[in-house]
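Student: These are the residues of each chain, in order.
Number of protein chains: 2
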Amino acid sequence: MSDIKMIEGGVCAAKGFTANGVHCGVRKSRTKRDLALILSDRDAAAAAVYTTNLVKGAPLTVTKKHLENGVARAVICNSGNANTCNANGIEIAETTCAALGEKLGISPDDVVVASTGVIGEPMSAEPIIGGMDGLIAGLGDHNEYAAEAIMTTDTKIKSVAVSFEIGGVECKMGGISKGSGMIHPNMATMLVFITTDCAVSSEMLGRALKSDVSETFNMISIDGDTSTNDMVTVLANGAAGNKLIDSDGGDFDTFMKALNTVTVALCRMIAADGEGATKLLECSVTGAKDLQTAKTVAKSVVCSSLTKAAMFGADANWGRVLCAIGYSGADVDVTKIGVSFESKAGEIEVCRNGSGVPFSEELAKAILSEDEILIKVSLMDGEFSSTAWGCDLTYDYVRINGDYRT
Amino acid sequence: MSDIKMIEGGVCAAKGFTANGVHCGVRKSRTKRDLALILSDRDAAAAAVYTTNLVKGAPLTVTKKHLENGVARAVICNSGNANTCNANGIEIAETTCAALGEKLGISPDDVVVASTGVIGEPMSAEPIIGGMDGLIAGLGDHNEYAAEAIMTTDTKIKSVAVSFEIGGVECKMGGISKGSGMIHPNMATMLVFITTDCAVSSEMLGRALKSDVSETFNMISIDGDTSTNDMVTVLANGAAGNKLIDSDGGDFDTFMKALNTVTVALCRMIAADGEGATKLLECSVTGAKDLQTAKTVAKSVVCSSLTKAAMFGADANWGRVLCAIGYSGADVDVTKIGVSFESKAGEIEVCRNGSGVPFSEELAKAILSEDEILIKVSLMDGEFSSTAWGCDLTYDYVRINGDYRT
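Line order of the protein sequences matches chains H and C. Numbering of the first sequence is given in my numbering, commencing with residue 1 and proceeding in unit increments. Numbering of the second sequence is given in my numbering, commencing with residue 1 and proceeding in unit increments.
The hints are simulated quantities; they were obtained by calculation from the structure and are not laboratory data. Heads up, a few of these hints could be off.
Which copy is meant is left open, so a pair is good if it fits within one copy or across any two.
Stated by the list, open to error - Below, in silico cross-link-like pairs of lysine-lysine (DSS-like), each with a Cα-Cα straight-line distance of 27 Å or less: (1) K365 - K28; (2) K64 - K336; (3) K257 - K289; (4) K65 - K336; (5) K15 - K5; (6) K257 - K210; (7) K289 - K210; (8) K344 - K376.
Note that the structure is a prediction, hence the values are computed from the model and not measured.
Full structure from sequences and hints, please.
Tutor: Following this line, the structure appears as structure tokens:
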């Protein structure tokens, strides 16, 4: 399997992709771009996964229909309004795709549309359509503009790209994402757009994405609230010229590894930039009797408000980790559990066989004062492992989400 | 069915029950009592429900064994240490029961033992046993002392009592509880001790408690973290002299109604005094197609961090309520959902048929600025209803739980 190398360029790294972001006016404040476009110069195999929330943003419904044939050319995304719980939401999303299709000379069915922002606020397609000419005119190597335009209360853009080889041909893949937070806080919508010039069939692309997401984006939790607008899409336009990946094998494995490198990097960025977060929490579970047990335990730990608040306070309160494992619903033997905390400052064991072990509070405090904390849980019950990502629970999370909408 | 009247006296209201609370030294600070005792002057039918957390406090294991025969005489409970994840936890709990049994001249098997506080801290039975003589000597009409002794970071004691009639005989029932919070924050253990002089068989008492808890205490959420030490117990000593309730019928219905009055009052007190809480949130769901749907939706709303933070900020951000319904897992038709907010300041409709309706932001702000908020959700899909209780998410929740343990 070929090496995966980190490179620059985000969603514009792969051949044949350009991007841009402008301020069109969905957000009244002109301090930030609010409309992003990613374009492939040729048809791309496309796949997406969507929120499981029964309340779904209108753009998701429209995108799902457009991706039925597994092909797309463009992604358009606004921030500032989620276009959700609006009576005319579908119409707005379809009008947007139709206008973009006409201006780009592509089929509206080849447009992926997404929105993030306040739910249930009246919305109009007018600013989006009004902004399209400038958006298209400025298309180029503008990954940063697109990454900024999809942000809400994110404090930094989230972008990554890698290169890898398929059959001796260099391929590239890049992604941008927005994490949790909004200027008008409403819900922590997660949006991820990935592009690659690797030639891969829609079917294999869909399989790769679905399989990867269950181990990556579905293992992030900022606050346990599943947004109505979450969506992850990947467009693969084949511009690299590799032999098409249309079945299992070494090439597909390499592609999966590249995809996983991109998605894990974005997961870590999203979790670290969770609303109000000061720390990235990573929980690695080993020794589980099956994969689901490992995942359930890892996610329960990073979701626990008490654990998250303890990490904010640099408090080695491992009882909260045990507690979160205990109520996770996973079938574990609590008398076997071991827990350690690790960061750049070192590693410390705090619990063995389900009971506390003496440890230096001073070292624990130093370890938990770093901005990336690894919580290591050993279940000593099998061979399976999993990782989940989250962030600490801080005053600022409450401030951001307690602020009045207007 | 007889009327249920609110009376004074808490767990000492019912005939034959005395209580006390002292400082014994499990908590080093002498600012608060830390050991509570409730005694019945005769054998009482007893029932309990316990946390579903796989990590269970040692006292729960011991109490469960003691209540196998459905009979108890006394309840002893310390705060300051949860006696959980300690290698010698069972021994400490059993030693405590043995010592108390000897001093009171009752069987150790008739003692209910409970603990709340930090997990995994080394503990000794010594201060508890040392405090017993004073605890027993001071037994009397001291409901407040007992209620204080089981508190951790609770800001007020939680006590309620009612009187009701069974077959023309006046019976009384009272309860105390502790809610979420600890001086050494660790987990939001909920403990509830209920006493009644009503004559009721162990079997019917167990049925009543189990049925009631599923509608009351299991419908509270402070932070989604299920403690290792949660426990609700009820002792019924028959001192009132009513005809024994040993089957279904009008008397059992009255008993259930009295029990429900006590438990709902305690639920509201626990939720309103959640860690850092400034507001009691009550979510009432009506029009559900079945009971489980109503319960799932109500609980998802009061558990949503985003909804809780919005309520703290008096923000009528109903999209968060819709979102929490959508990811609850309940099978609902989102296009039918209606949402209103209500408090002493009035009521306001914010969502109908799953979409927003125009409303006065000023009135909404006034309604949500009160300290008891009712979130009314209509599913328009059937006849079932349910209520859940919670509290807002505040800076103080983070402060309390981010503080270092020592």
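Student: Give a verdict on every hint.
Tutor: Here is how each hint holds up against the structure:
1. K365 - K28: Close across copies (23 Å), not inside one copy (44 Å); limit 27 Å.
2. K64 - K336: between (45 Å within a copy, 23 Å between copies)
3. K257 - K289: within (24 Å within a copy, 46 Å between copies)
4. K65 - K336: between (48 Å within a copy, 24 Å between copies)
5. K15 - K5: For K15 and K5, the Cα distance is within 27 Å only inside one copy (16 Å; across copies 77 Å).
6. K257 - K210: Answer is within; shortest intra-copy Cα gap is 14 Å, inter-copy 51 Å.
7. K289 - K210: Within one copy, since 23 Å is at most 27 Å while 33 Å is not.
8. K344 - K376: within (14 Å within a copy, 48 Å between copies)
Against the hints set out earlier in the document, no violation occurs for any number.
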